[in-house]
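Novice: Sequence:
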Amino acid sequence: MNKGDVTKAERLEIKILLNKDYSMRAIAKAMERSPNTISYEIKTNSVNGEYDPHKAHLKAQTRKKYRRFQYSKIEKHPEIKQIIIEKLKKHWNPDEIAGWLKDNQPKLYVSKSSIYNWLHTGRGDRYCDLLYSQRHYVKKHKQKIKRVLIPERVSIENRPQGATNRSRYGHYEADTVVSCRNGSGAILVLIERKSRQVHLWKLENLKPRGVSNKLHDIRHNIKIQSITFDNGIENIYHQDIGVSTYFCDPYSSWQKGTVENVNKMIRRYIPKGTDLVTITQGDLDEIVAIINKKPRKILGYKSSEEVFRRAGLLKESVLIEA
Numbered sequence: 001m002n003k004g005d006v007t008k009a010e011r012l013e014i015k016i017l018l019n020k021d022y023s024m025r026a027i028a029k030a031m032e033r034s035p036n037t038i039s040y041e042i043k044t045n046s047v048n049g050e051y052d053p054h055k056a057h058l059k060a061q062t063r064k065k066y067r068r069f070q071y072s073k074i075e076k077h078p079e080i081k082q083i084i085i086e087k088l089k090k091h092w093n094p095d096e097i098a099g100w101l102k103d104n105q106p107k108l109y110v111s112k113s114s115i116y117n118w119l120h121t122g123r124g125d126r127y128c129d130l131l132y133s134q135r136h137y138v139k140k141h142k143q144k145i146k147r148v149l150i151p152e153r154v155s156i157e158n159r160p161q162g163a164t165n166r167s168r169y170g171h172y173e174a175d176t177v178v179s180c181r182n183g184s185g186a187i188l189v190l191i192e193r194k195s196r197q198v199h200l201w202k203l204e205n206l207k208p209r210g211v212s213n214k215l216h217d218i219r220h221n222i223k224i225q226s227i228t229f230d231n232g233i234e235n236i237y238h239q240d241i242g243v244s245t246y247f248c249d250p251y252s253s254w255q256k257g258t259v260e261n262v263n264k265m266i267r268r269y270i271p272k273g274t275d276l277v278t279i280t281q282g283d284l285d286e287i288v289a290i291i292n293k294k295p296r297k298i299l300g301y302k303s304s305e306e307v308f309r310r311a312g313l314l315k316e317s318v319l320i321e322a
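For the sequence shown, our numbering assigns the number 322 to the last residue and increments by one with no breaks.
Hints are computed from structural coordinates only; laboratory data are not their basis. Remember, predicted model here, so these are calculated numbers, not experimental data. Treat each hint with caution, since some may be false.
Cβ-Cβ distance ranges computed for the label pairs, FRET-style [what the hints assert, rightly or not]:
id	residue 1	residue 2	range
1	R310	E50	38 to 46 Å
2	E286	R309	15 to 23 Å
3	Y127	K264	50 to 58 Å
Heads up, simulated BS3-like pairs for lysine-lysine below, C-alpha to C-alpha not over 25 Å straight-line [claimed, not checked]:
id	residue 1	residue 2
4	K223	K90
5	K8	K20
6	K107	K302
7	K76	K55
8	K29	K55
9	K81	K102
10	K73	K112
11	K107	K73
12	K89	K55
13	K293	K81
14	K29	K76
15	K76	K64
16	K64	K107
17	K20	K55
18	K107	K223
19	K59	K90
20	K112	K59
21	K297	K102
22	K90	K102
23	K73	K297
24	K202	K214
25	K102	K89
26	K302	K89
27	K112	K90
28	K90	K302
29	K223	K293
Just so you know, even glycine gets a beta-carbon here, dropped at the ideal spot from N, CA and C.
Start from the sequences and build out the full structure, keeping to the hints where you can.
Specialist: Laid out in structure tokens, this is it:
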């Protein structure tokens with residue numbers, strides 16, 4: 001199957017087959033191309049909803065030339081290159097960098113594709129290890145943990161719609177990051193679902209009373225409507241927190257996928273196998289600042305911190321201290 005760029009001759013063939021009412025899959029099969037390639041070609045290079053092979057070829061060539069120009073723009077303008085490198089070192093991804101440039105430095109703007117292209121060349125490949133991939137894979141044969149009966153447990157299915165669809169602020173997911181086998185200490189992770197604001201607190205251990213007390217104290221600093229947990233034994237005193245609490249189905253931690261993804265981000269700064277007793281609250285505060293100050297595509301390239309503050313989720317006493 002051909003995997004190169006679509007040629008001018010192939011574009012003429014696509015038009016002929018479209019006129020014969022061939023489906024996308026039928027065109028792909030006839031041309032020995034992927035259906036995704038054909039679909040992308042027609043969708044991207046059509047003009048006013050109509051596929052013209054000559055206009056499509058011109059459009060594709062113009063876009064290719066523009067990408068090449070943007071790539072060279074990074075090398076020709078040291079200030080752009082420096083911004084990209086600085087943001088990569090803060091663990092921003094190319095999409096976040098491009099979004100930030102568009103809003104804050106429009107004259108220096110380059111697309112995310114151009115940044116990726118630059119990274120995958122000899123000049124930029126040294127920075128590829130700074131990229132954070134959100135791809136993850138389900139581990140097979142994972143050892144099941146003995147189920148713990150949570151008193152007065154309310155299923156995630158009963159969570160308010162505003163929490164589930166992220167239309168309301170103040171609804172959180174919670175989890176814990178544990179130390180290595182021979183280490184001690186833990187990290188309490190809390191994320192607000194709508195703003196994606198992350199909070200991290202150091203715990204001496206995972207004793208249930210300590211977890212519930214910490215969450216109860218946190219309520220003096222931020223506004224909390226509800227918290228969603230997994231079924232770990234550390235959550236058995238959830239009723240003492242003083243907010244509505246909901247629980248994932250057994251062995252279904254993916255139901256609180258937002259906080260699970262944050263845990264993966266944390267591991268960039270605190271690798272697995274680290275004895276968390278060596279991590280200070282100051283270390284966690286620095287990690288939180290890096291994560292929450294990043295522009296987020298899903299937030300219109302605003303930072304979680306900005307959205308969180310605008311939503312008024314910090315208690316007045318905290319704002320006065322700040």
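Novice: Against this structure, judge whether each hint is valid.
Specialist: Against the structure, the hints come out as follows:
Checked against the hint of 38 to 46 Å, the pair R310 and E50 passes, with Cβ atoms roughly 43 Å apart. At about 19 Å, the beta-carbon gap between E286 and R309 stays in the expected band of 15 to 23 Å. Roughly 20 Å separates the CB atoms of Y127 and K264, a value that falls outside the hinted 50 to 58 Å. Note on K223 and K90: the hinted pairing is violated, with a Cα-Cα distance of about 28 Å set against a maximum of 25 Å.
With a C-alpha separation of about 19 Å, the suggested pairing of K8 with K20 holds against the 25 Å cut-off. Straight-line distance between C-alpha atoms of K107 and K302 comes to about 19 Å, which keeps the hinted pair within the 25 Å bound. At most 25 Å may separate the alpha-carbon atoms for a hinted pair to count; K76 and K55 exceed this at roughly 31 Å. Note on K29 and K55: the hinted pairing holds, with a Cα-Cα distance of about 24 Å set against a maximum of 25 Å.
For the suggested pair K81 and K102, the alpha carbons sit about 15 Å apart, so the restraint of at most 25 Å is met. For the suggested pair K73 and K112, the alpha carbons sit about 13 Å apart, so the restraint of at most 25 Å is met. Using a Cα cut-off of 25 Å, the hinted pair K107 and K73 holds, with the two alpha carbons roughly 11 Å apart. Taking the CA atoms of K89 and K55, the gap is near 41 Å; set against the 25 Å cutoff, the hint is violated.
Using a Cα cut-off of 25 Å, the hinted pair K293 and K81 holds, with the two alpha carbons roughly 20 Å apart. Note on K29 and K76: the hinted pairing is violated, with a Cα-Cα distance of about 43 Å set against a maximum of 25 Å. Restraint check for K76 and K64: the C-alpha separation of about 18 Å stays at or below 25 Å, so the hint holds. Our distance criterion of 25 Å between C-alpha atoms is met by K64 and K107, whose separation comes to about 20 Å.
For the hint linking K20 to K55, the alpha-carbon distance of about 20 Å falls within 25 Å, and the restraint holds. For the hint pairing K107 with K223, the CA-to-CA distance comes to about 39 Å; that exceeds 25 Å, so the pair is violated. Straight-line distance between C-alpha atoms of K59 and K90 comes to about 36 Å, which puts the hinted pair past the 25 Å bound. The suggested pairing of K112 with K59 holds, with an alpha-carbon distance near 19 Å, which does not exceed 25 Å.
Proximity of K297 to K102 is assessed by CA-CA distance (about 12 Å); at most 25 Å being required, the pair is judged to hold. Among the hinted pairs, K90 with K102 is consistent with the structure: their alpha-carbon atoms are about 18 Å apart, no more than 25 Å. A threshold of 25 Å between alpha carbons decides the hint, and for K73 with K297 the separation of about 23 Å falls inside it, so the pair holds. Restraint check for K202 and K214: satisfied, since their Cα atoms lie roughly 10 Å apart, inside the 25 Å limit.
For the suggested pair K102 and K89, the alpha carbons sit about 19 Å apart, so the restraint of at most 25 Å is met. Annotation: proposed proximity of K302 to K89 holds, straight-line Cα distance about 19 Å (limit 25 Å). Of the pairs offered as hints, the one joining K112 and K90 holds, with about 16 Å between alpha carbons and a cut-off of 25 Å not exceeded. Our distance criterion of 25 Å between C-alpha atoms is met by K90 and K302, whose separation comes to about 16 Å.
Straight-line distance between C-alpha atoms of K223 and K293 comes to about 20 Å, which keeps the hinted pair within the 25 Å bound.
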